[in-house]
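**Student:** Sequence:
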Amino acid sequence: MKVEIQERWDEDFFDRFINFKNKIHQDIPTSFPDVIADYEKYFLPDSIFAADFKWRAVIISNNGKTQAQAILCFKENSELGSLGFIDWENDEAAAKFLISEIEEVARSVGLKNIKTPVDLNFFVKYRIRCPGGNTPFYGEPVYPDYYHDLFKLCGYEVIGNWDSYRIEKLRGIKDYLTKRWKLGHKKNGSHHKTKNKDLKTTIRCVRLHDWENELKIIYDLFSEAYSKMPEYESVSFEQFKVIYNDFKYIINPLFAYIIELRGKPVGFSINFVDPLPILAKHKGKKLSMIQKALVLARLKLNNGTYLIAHVGKIPGPNGEEIKGVQIQVSNRISASVLAMRKVLVTFQNANSPSRRSFEEKLLTPYAQYVLYGKKLE
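All the letters of the sequence shown, read from the start, carry residue numbers 3 to 379 under this note's numbering.
Just so you know, the hints here were simulated from the structure itself, not pulled from any lab data.
Even glycine gets a Cβ: it sits at the ideal position worked out from N, Cα and C.
Warning: the hint list may mix true and false statements.
[Said to hold, decoys possible] Calculated cross-link-like contacts (lysine-lysine; reagent style DSS-like; alpha-carbon spacing at most 25 Å):
#, residue 1, residue 2
1, Lys250, Lys283
2, Lys56, Lys127
3, Lys302, Lys285
[As the list claims (entries may be wrong)] What follows is a list of derived Cβ distance ranges for each label pair:
#, residue 1, residue 2, range
4, Gln293, Thr366, 35 to 41 Å
5, Thr137, Arg10, 38 to 44 Å
6, Asn21, Lys43, 15 to 21 Å
7, Thr180, Asp54, 42 to 48 Å
8, Val37, Glu322, 42 to 48 Å
9, Val37, Thr366, 35 to 41 Å
10, Pro31, Asp151, 18 to 24 Å
11, Lys287, Thr180, 43 to 49 Å
12, Ala352, Lys25, 32 to 38 Å
13, Asp12, Tyr246, 25 to 31 Å
14, Ile161, Ile30, 22 to 28 Å
15, Asp151, Glu9, 28 to 34 Å
16, Met291, Glu78, 41 to 47 Å
17, Asp54, Met231, 17 to 23 Å
Put together the whole structure using the sequences plus the hints.
**Tutor:** Structure below.
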């Protein structure tokens, strides 16, 4: 077997890298064909990520045919590496050869731990969906099932677990509204009528017409709310903008909310309708401006699967605790989900705010995900 290692941009190398990725993922419903621009934004020398992230890309081939590949990303002086953009054939020897080369590189730059699959960073793509589960939805990290076996054969262990759940829609709405009523009748509840008005929160929709400022607010909320997650890694706002800017085409402002206390954003509930059934029909096709406009219109009118995707909160202006973010937006969520075919709460760990907003009996398991890791000796 032949090994190639790159730490500087080489278009021919990445062309081959992309072709192999697209071959492996061609039948995966959540995957869309990669193009060279997808990698340029992360790995070009003048990329907005270049100052903060170092990387090594590895291709393992046999008789000129790629068998395994991955990119190890890490920050200067960090002991933790993110192994992502990983694809391999169902070949134990090639997988072990790839991992041995990756780990040798990792040790040479001072890394002591690796987590995988993580494409560049926590905010880009991480985790892997477990075999089984129900129909995939947009944004799920779906890979061929045999990837799990290869990770384990290479000595990687599960270091994180998440779930997605389906909500019993009508009973879930009733549960939401009941909890909201109880919150409003607690003297320390954010919606109690006699409560100090200085402690009463307000809710508004995300303003798509002011997208960059709204994205900065969401970035600040995400960064502070998620910073204590064990897999969290920071990015700058400019990097966050590159990662999430296209989200404005998916979000419907009626389903995405910012919670404020005395004008300060203190919480978020970012929800959207699964665009995968609409986008999948155009996978790999070049669309005219009119066709793109029609797709965008369909996305805005979409009433398929409602995804409760991102929920979080931070302290108020004077350190006040913000309670029940999902319960506070329950009226809006309830109104929006009535027209939807089904509702999912996505990517939940044991302490996720969305999970605590529902009674467990109302949640039906939908899919599971894991993150693998290894301590280097």
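**Student:** Next step is simple, just say for each hint if it's right about the structure.
**Tutor:** Here is what the structure says about each hint:
1. Lys250 with Lys283: Status holds; Cα separation ~20 Å.
2. Lys56 with Lys127: 17 Å, holds
3. Lys302 with Lys285: 19 Å, holds
4. Gln293 with Thr366: 35 to 41 Å: 37 Å, holds
5. Thr137 with Arg10: 38 to 44 Å: About 41 Å separates the Cβ atoms of Thr137 and Arg10, which means 38 to 44 Å holds.
6. Asn21 with Lys43: 15 to 21 Å: 19 Å, holds
7. Thr180 with Asp54: 42 to 48 Å: 46 Å, holds
8. Val37 with Glu322: 42 to 48 Å: Since Val37 and Glu322 have Cβ atoms about 47 Å apart, the given range 42 to 48 Å holds.
9. Val37 with Thr366: 35 to 41 Å: For Val37 and Thr366 the Cβ distance comes to about 37 Å; the hint holds.
10. Pro31 with Asp151: 18 to 24 Å: 21 Å, holds
11. Lys287 with Thr180: 43 to 49 Å: 46 Å, holds
12. Ala352 with Lys25: 32 to 38 Å: Holds, since Ala352 and Lys25 (Cβ atoms, about 37 Å apart) stay within the stated range.
13. Asp12 with Tyr246: 25 to 31 Å: 28 Å, holds
14. Ile161 with Ile30: 22 to 28 Å: 24 Å, holds
15. Asp151 with Glu9: 28 to 34 Å: 30 Å, holds
16. Met291 with Glu78: 41 to 47 Å: At 43 Å between Cβs, range holds.
17. Asp54 with Met231: 17 to 23 Å: Given about 19 Å between the Cβ atoms, the range holds.
Every hint from the earlier list agrees with this structure, and none is contradicted.
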